[in-house]
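2 protein chains.
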Amino acid sequence: MPRYTAPTKDTQYILHDVLNITEAGIPGYDELEAEFTGAVLEEAGKISSDVLAPLNAVGDRQGCVLENGVVRTPDGFRDAFEQVKSGGWTGLDMPEEYGGQYMPYVLGTAVGEMFSGANQAFTMYQGLTHGAASAILAHGSDEQKDTYLPRMVSCEWTGTMNLTEPHCGTDLGLMRTKAEPQDDGSYRISGQKIFISAGEHDMAGNIIHLVLAKIAGGPEGIKGVSLFIVPKFLVNGDGSLGARNGVACGNLEEKMGIHGNSTCVMNYDGAVGYLLGEEHKGMRAMFTMMNEARLGVGMQGLALAEAAYQNALDYARERLQGRDVTGAKNPDGPADPLIVHPDIRRSLMDQKSFAEAGRAFILWGATLIDRAHRAGDKDADGLISLLTPVIKGFLTDQGYDMTVQAQQIYGGHGYIEESGMSQFTRDARIAMIYEGANGVQALDLVGRKLAQDGGKHVMAFFDLVKSFIKDNAGQDDAFDRDFLDPLKAASKDLQAAGMYFMQQGMKNPHNALAGSTDFLHLFGHVCLGLMWARMAKASGDALANGTSDAAFHETKLATGRYYMARQLPATALHLARIQTGADTVMALDAENF
Amino acid sequence: MPRYTAPTKDTQYILHDVLNITEAGIPGYDELEAEFTGAVLEEAGKISSDVLAPLNAVGDRQGCVLENGVVRTPDGFRDAFEQVKSGGWTGLDMPEEYGGQYMPYVLGTAVGEMFSGANQAFTMYQGLTHGAASAILAHGSDEQKDTYLPRMVSCEWTGTMNLTEPHCGTDLGLMRTKAEPQDDGSYRISGQKIFISAGEHDMAGNIIHLVLAKIAGGPEGIKGVSLFIVPKFLVNGDGSLGARNGVACGNLEEKMGIHGNSTCVMNYDGAVGYLLGEEHKGMRAMFTMMNEARLGVGMQGLALAEAAYQNALDYARERLQGRDVTGAKNPDGPADPLIVHPDIRRSLMDQKSFAEAGRAFILWGATLIDRAHRAGDKDADGLISLLTPVIKGFLTDQGYDMTVQAQQIYGGHGYIEESGMSQFTRDARIAMIYEGANGVQALDLVGRKLAQDGGKHVMAFFDLVKSFIKDNAGQDDAFDRDFLDPLKAASKDLQAAGMYFMQQGMKNPHNALAGSTDFLHLFGHVCLGLMWARMAKASGDALANGTSDAAFHETKLATGRYYMARQLPATALHLARIQTGADTVMALDAENF
Numbered sequence: 001m002p003r004y005t006a007p008t009k010d011t012q013y014i015l016h017d018v019l020n021i022t023e024a025g026i027p028g029y030d031e032l033e034a035e036f037t038g039a040v041l042e043e044a045g046k047i048s049s050d051v052l053a054p055l056n057a058v059g060d061r062q063g064c065v066l067e068n069g070v071v072r073t074p075d076g077f078r079d080a081f082e083q084v085k086s087g088g089w090t091g092l093d094m095p096e097e098y099g100g101q102y103m104p105y106v107l108g109t110a111v112g113e114m115f116s117g118a119n120q121a122f123t124m125y126q127g128l129t130h131g132a133a134s135a136i137l138a139h140g141s142d143e144q145k146d147t148y149l150p151r152m153v154s155c156e157w158t159g160t161m162n163l164t165e166p167h168c169g170t171d172l173g174l175m176r177t178k179a180e181p182q183d184d185g186s187y188r189i190s191g192q193k194i195f196i197s198a199g200e201h202d203m204a205g206n207i208i209h210l211v212l213a214k215i216a217g218g219p220e221g222i223k224g225v226s227l228f229i230v231p232k233f234l235v236n237g238d239g240s241l242g243a244r245n246g247v248a249c250g251n252l253e254e255k256m257g258i259h260g261n262s263t264c265v266m267n268y269d270g271a272v273g274y275l276l277g278e279e280h281k282g283m284r285a286m287f288t289m290m291n292e293a294r295l296g297v298g299m300q301g302l303a304l305a306e307a308a309y310q311n312a313l314d315y316a317r318e319r320l321q322g323r324d325v326t327g328a329k330n331p332d333g334p335a336d337p338l339i340v341h342p343d344i345r346r347s348l349m350d351q352k353s354f355a356e357a358g359r360a361f362i363l364w365g366a367t368l369i370d371r372a373h374r375a376g377d378k379d380a381d382g383l384i385s386l387l388t389p390v391i392k393g394f395l396t397d398q399g400y401d402m403t404v405q406a407q408q409i410y411g412g413h414g415y416i417e418e419s420g421m422s423q424f425t426r427d428a429r430i431a432m433i434y435e436g437a438n439g440v441q442a443l444d445l446v447g448r449k450l451a452q453d454g455g456k457h458v459m460a461f462f463d464l465v466k467s468f469i470k471d472n473a474g475q476d477d478a479f480d481r482d483f484l485d486p487l488k489a490a491s492k493d494l495q496a497a498g499m500y501f502m503q504q505g506m507k508n509p510h511n512a513l514a515g516s517t518d519f520l521h522l523f524g525h526v527c528l529g530l531m532w533a534r535m536a537k538a539s540g541d542a543l544a545n546g547t548s549d550a551a552f553h554e555t556k557l558a559t560g561r562y563y564m565a566r567q568l569p570a571t572a573l574h575l576a577r578i579q580t581g582a583d584t585v586m587a588l589d590a591e592n593f
Numbered sequence: 001m002p003r004y005t006a007p008t009k010d011t012q013y014i015l016h017d018v019l020n021i022t023e024a025g026i027p028g029y030d031e032l033e034a035e036f037t038g039a040v041l042e043e044a045g046k047i048s049s050d051v052l053a054p055l056n057a058v059g060d061r062q063g064c065v066l067e068n069g070v071v072r073t074p075d076g077f078r079d080a081f082e083q084v085k086s087g088g089w090t091g092l093d094m095p096e097e098y099g100g101q102y103m104p105y106v107l108g109t110a111v112g113e114m115f116s117g118a119n120q121a122f123t124m125y126q127g128l129t130h131g132a133a134s135a136i137l138a139h140g141s142d143e144q145k146d147t148y149l150p151r152m153v154s155c156e157w158t159g160t161m162n163l164t165e166p167h168c169g170t171d172l173g174l175m176r177t178k179a180e181p182q183d184d185g186s187y188r189i190s191g192q193k194i195f196i197s198a199g200e201h202d203m204a205g206n207i208i209h210l211v212l213a214k215i216a217g218g219p220e221g222i223k224g225v226s227l228f229i230v231p232k233f234l235v236n237g238d239g240s241l242g243a244r245n246g247v248a249c250g251n252l253e254e255k256m257g258i259h260g261n262s263t264c265v266m267n268y269d270g271a272v273g274y275l276l277g278e279e280h281k282g283m284r285a286m287f288t289m290m291n292e293a294r295l296g297v298g299m300q301g302l303a304l305a306e307a308a309y310q311n312a313l314d315y316a317r318e319r320l321q322g323r324d325v326t327g328a329k330n331p332d333g334p335a336d337p338l339i340v341h342p343d344i345r346r347s348l349m350d351q352k353s354f355a356e357a358g359r360a361f362i363l364w365g366a367t368l369i370d371r372a373h374r375a376g377d378k379d380a381d382g383l384i385s386l387l388t389p390v391i392k393g394f395l396t397d398q399g400y401d402m403t404v405q406a407q408q409i410y411g412g413h414g415y416i417e418e419s420g421m422s423q424f425t426r427d428a429r430i431a432m433i434y435e436g437a438n439g440v441q442a443l444d445l446v447g448r449k450l451a452q453d454g455g456k457h458v459m460a461f462f463d464l465v466k467s468f469i470k471d472n473a474g475q476d477d478a479f480d481r482d483f484l485d486p487l488k489a490a491s492k493d494l495q496a497a498g499m500y501f502m503q504q505g506m507k508n509p510h511n512a513l514a515g516s517t518d519f520l521h522l523f524g525h526v527c528l529g530l531m532w533a534r535m536a537k538a539s540g541d542a543l544a545n546g547t548s549d550a551a552f553h554e555t556k557l558a559t560g561r562y563y564m565a566r567q568l569p570a571t572a573l574h575l576a577r578i579q580t581g582a583d584t585v586m587a588l589d590a591e592n593f
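One line per chain: the protein sequences are W and X, in this order.
Residue numbering for the first sequence follows my numbering, starting at 1 and increasing by one per position.
Residue numbering for the second sequence follows my numbering, starting at 1 and increasing by one per position.
Any given hint might turn out to be false.
Each pair may be met inside one copy or between any two copies, as identical chains are not told apart.
[Said to hold, decoys possible] Under the rule of at most 20 Å between Cα atoms (straight-line distance), these lysine to any residue pairs were calculated in the SDA-like manner: (1) Lys178 x Val265; (2) Lys488 x Thr580; (3) Lys9 x Phe593; (4) Lys470 x Ala489; (5) Lys488 x Ala460; (6) Lys470 x Asp480; (7) Lys329 x Leu174; (8) Lys329 x Asn508; (9) Lys223 x Gly333; (10) Lys492 x Ala572; (11) Lys329 x Gly173; (12) Lys85 x Gly99; (13) Lys178 x Ile222; (14) Lys492 x Ala570; (15) Lys9 x Val40; (16) Lys329 x Phe593; (17) Lys329 x Asp583; (18) Lys329 x Glu591; (19) Lys378 x Glu292; (20) Lys9 x Glu591.
None of these hints come from the bench; they were simulated from the model.
For clarity, every value in this text was computed on a predicted model and none was experimentally measured.
Can you make the complete structure from the sequences, with help from the hints?
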């Protein structure tokens, strides 16, 4: 069975040595001393390794079962959920007035990586609830907040997001679910929603569904969509549970992975719903959940890559097969361990250099969210809005590839379910799809985010890279050569791609959109390159200052050099593809395929 | 449920317009007139679509079941196997004296793609038998051939390959299975083999296991390995079945995919075995099977990419979601079909341009095998030996990626097992692993094949590319620009990589091996680029000659232009990575990961 060891040390390094969070000037961050975050992460790591990880394979094997309208989660999930709740983990970054601890989002993200890496299917129950609670927090009335939030923050009640219908996923304007206004101000919701994660299960006293629907008589298309709170059990004025609402799970989907999470067909049959936010402004309210959810999904991509990597590394060290071509490394044994072989090294370095920079990227992104939410910093808000599709799309595409690479190191044993390596791959696959398939992320990035506010945020990103290079160049030749020069070249490729889109996209938007996925990946590489340059700077400083942990920082530098030399040059390929425009992509008529 | 339509027209095009097989001067090829191959492929296509494809999901869902030592295959497999047998498909390219039709290997490969695309798990029963029969044909005594081949060619009896043991896969020198010589010239085989595809099942009267084992007292390591024929039921002198042999299926593995094929733990407990070929020369004999099997696995990568693509294309045409950014294409409908979106096009073109060139590559490879075997052409033998790891590694890595891309087009529906898209991905995953994991293919290519016979075969490949460019340049500017120039650039990258290996690999072999996977992919891209250039030439000629099927050839040219513009530039990235050598790859000590 696979192991999971929380990357506590690495997370601490990123928070304190690289991001210097206590000096970031963000409200709430001054409490985040290394000793404090270390204690929190240590505890989160324990519950991840000891409680959640052992249930990962159980969840995959048993899946969820629907019987008489009731969904049974896998053995052990209920107990584990109680432990997570009683440890206060569900409300880590939620407001204190609703029972949370109001710690910064960055700390919630660091813990989230650990929980997801240990057991993604399990952690989704909590993750969806967090997203739904955030939407109620942002858009709910005081009464709605008081009614739902205390018990959602504690996960006594869980939450869901209901967007997709059988005929519409990305294009929500096609939605058919209807909301009929009632005299008492409530609505009656009718329709079918599919792919509803945690839509029904046995771990919570109530389930609070957030449901997109069209109010009868409202505008056509996406402008007529509103968001509703539809509780599984109605809630009485005194907070006690009332009647069962007209919502039921009609079916559970059989999926490639995340078997431990119930993916439900939800049927709404005149269910009582309460408008959340304004009429016909449902998409705005939903995006509160979606943006947070997209970061959370990017985090899953990274988390599973890390989990799979840890096991691939163990296997590469233990499995004896063949000899180092330059001479036996384990001469007394029957063969050398896999890790002596250069191609195995390459794969491990791919995985390691991705996971560590991906972690820095997601935690940096979380600090931008904190800066936006807690300090009202509009620039940070704009920058994270730009980076959200990159975080979601790049970290999940690459994260998936890394689970495939980790599985590959196991050879035939990786294909056998017993090793657990297949589960990482199958679970990671969903992250490329949900919360907006990665092609939609690329479209969002190129079609919307690049030009947002007159292109201000992408210019800010370029300035940030330039400033970093300028501030740190000329002090150390090796650092300039290994880190700053490649970063400069990659950033130049990104700018050239942006320039191409501006010039050629004006003539024909297809010229930009045909390169959207390449652009997303190009952007992602530049972000990870920037992260490695920042980590190399931090580790270089630590070594110069005579750190007692030289091996850790030397390893960081070596891992970063690998990424800059072997992965970052991908930017040139992406740029080359982008600059061929739409001609060859759109050459065929649809009927000639 | 997914559909499968055999690519008969495209295969015919490659055989006759591109490879001009009837003029190839290979014994047996003069019979391969277009009318004849068309009739064979048409029939193979029918059985693929009508018999095998409908059982693909059944096999995935039911899997195989082991009860009291008997393995039950999924519903319908037995009947389908009878149809395949009675149609004579199992002996298509086997000698007539053993009941085959002795058609060229290239035709067997074309049919094999169809069967594998329709149902990989099912087709493996036949494929393994073919491999085992080939080994007996090449290394068996006349008596062994007479005893086993007639019933293996007809698949009345099936065959297996037994290499892997729990502690040894790639490194077969670690093998523990023992063979004790008996007075009557037979051996007693004892040991455990794992991952034995089709090791036990209910579709054949006997199963002929080819088993690697060490003869007691023989040389250590790989030099002491011999190959044995171990029938499930002993065969009497008159050909009737005798006693059950001491071999049994101990367990079935639960796997990520190919559930319809039984993957067995095989226990040999003093089983009677007969030496196949010479003592201690088992690896040589086994490689007869392995090389053929490797081509067959490369073919699976391509076949599943094609099957997944067909369904992704259907879905992209039917699913209405969003609008073309340049104006509605389906103004009377609620939305446009997915295929209007540039990023969906990009993905479809990736898949299409890969599948068609991959098909040309595998069929060209098959003609090299025919040339080697039927005409005794040693150069062809050397060239296909060089290309075998490229075909296996590149076509399966890329083929898998294409199934992932096809699945992605379905969005959330692709993650649900009901759509069948997950099965393509899960089934395709094994092809990167079995018959030598792709990292081992890369090692074989760079560590062995490149330098084989003094580098003669790789030089021959470069000459072949050069001659093609020289012979066809200067006649059509567009052809030169779109096809020959990119091919020249890519081939130059490949030569530069080879040169780097020669120079730097001498100093330290790790410098070559650290780039082995990149080299395999670089090589693969050049091969597909060459295939596209050849197809573009053929289609250009057809158009110049006033073909009646201009749309087909225009589509070929457009698809080829896409590959040359968007995929072939990957060679530069692979070269850049290769030229960084082993420094960053091997920088860390194993304990510092």
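Here's how the hints hold up against the structure:
Proximity of Lys178 and Val265 under a CA criterion of 20 Å is satisfied intra-copy only: 16 Å inside one chain copy versus 56 Å between copies. Taking the shortest alpha-carbon separations for Lys488 and Thr580, only the inter-copy value of 18 Å comes in at or below 20 Å, while the best intra-copy value is 23 Å. Proximity of Lys9 and Phe593 under a CA criterion of 20 Å is satisfied inter-copy only: 13 Å between copies versus 51 Å inside one chain copy. For the identical chains of this complex, Lys470 and Ala489 are intra-copy neighbours only, at 14 Å inside a copy versus 36 Å across copies, given an alpha-carbon limit of 20 Å.
When the C-alpha separation of Lys488 and Ala460 is checked against a cutoff of 20 Å, the pair qualifies only within one copy, where the shortest distance is 15 Å, while the shortest distance between copies is 41 Å. In this assembly of identical chains, the alpha carbons of Lys470 and Asp480 lie at most 20 Å apart only when taken from the same copy (11 Å versus 44 Å across copies). In the homo-oligomer, the alpha carbons of Lys329 and Leu174 lie at most 20 Å apart only across protomers (16 Å), although the nearest pairing inside one protomer, at 62 Å, exceeds that limit. Proximity of Lys329 and Asn508 under a CA criterion of 20 Å is satisfied inter-copy only: 16 Å between copies versus 58 Å inside one chain copy.
Taking the shortest Cα distances, Lys223 and Gly333 sit within 20 Å of each other only across copies (18 Å), while inside one copy they are farther apart (69 Å). Proximity of Lys492 to Ala572 under the C-alpha cut-off of 20 Å is found in both arrangements, the shortest distances being 10 Å within a copy and 18 Å between copies. For the identical chains of this complex, Lys329 and Gly173 are inter-copy neighbours only, at 17 Å across copies versus 62 Å inside a copy, given an alpha-carbon limit of 20 Å. In this assembly of identical chains, the alpha carbons of Lys85 and Gly99 lie at most 20 Å apart only when taken from the same copy (12 Å versus 69 Å across copies).
In this assembly of identical chains, Lys178 and Ile222 lie within 20 Å of each other by CA distance solely inside one copy; the values are 13 Å within and 70 Å between copies. Both within a single protomer and between protomers do Lys492 and Ala570 lie at most 20 Å apart by alpha-carbon distance, with minima of 13 Å and 19 Å respectively. For the identical chains of this complex, Lys9 and Val40 are intra-copy neighbours only, at 12 Å inside a copy versus 63 Å across copies, given an alpha-carbon limit of 20 Å. Within a single copy, Lys329 and Phe593 get their C-alpha atoms only as close as 53 Å, which misses the 20 Å cut-off; across copies the closest is 17 Å, which meets it.
When the C-alpha separation of Lys329 and Asp583 is checked against a cutoff of 20 Å, the pair qualifies only between copies, where the shortest distance is 18 Å, while the shortest distance within a copy is 53 Å. Within a single copy, Lys329 and Glu591 get their C-alpha atoms only as close as 58 Å, which misses the 20 Å cut-off; across copies the closest is 13 Å, which meets it. Proximity of Lys378 and Glu292 under a CA criterion of 20 Å is satisfied intra-copy only: 17 Å inside one chain copy versus 62 Å between copies. In this assembly of identical chains, Lys9 and Glu591 lie within 20 Å of each other by CA distance solely across copies; the values are 16 Å between and 55 Å within a copy.
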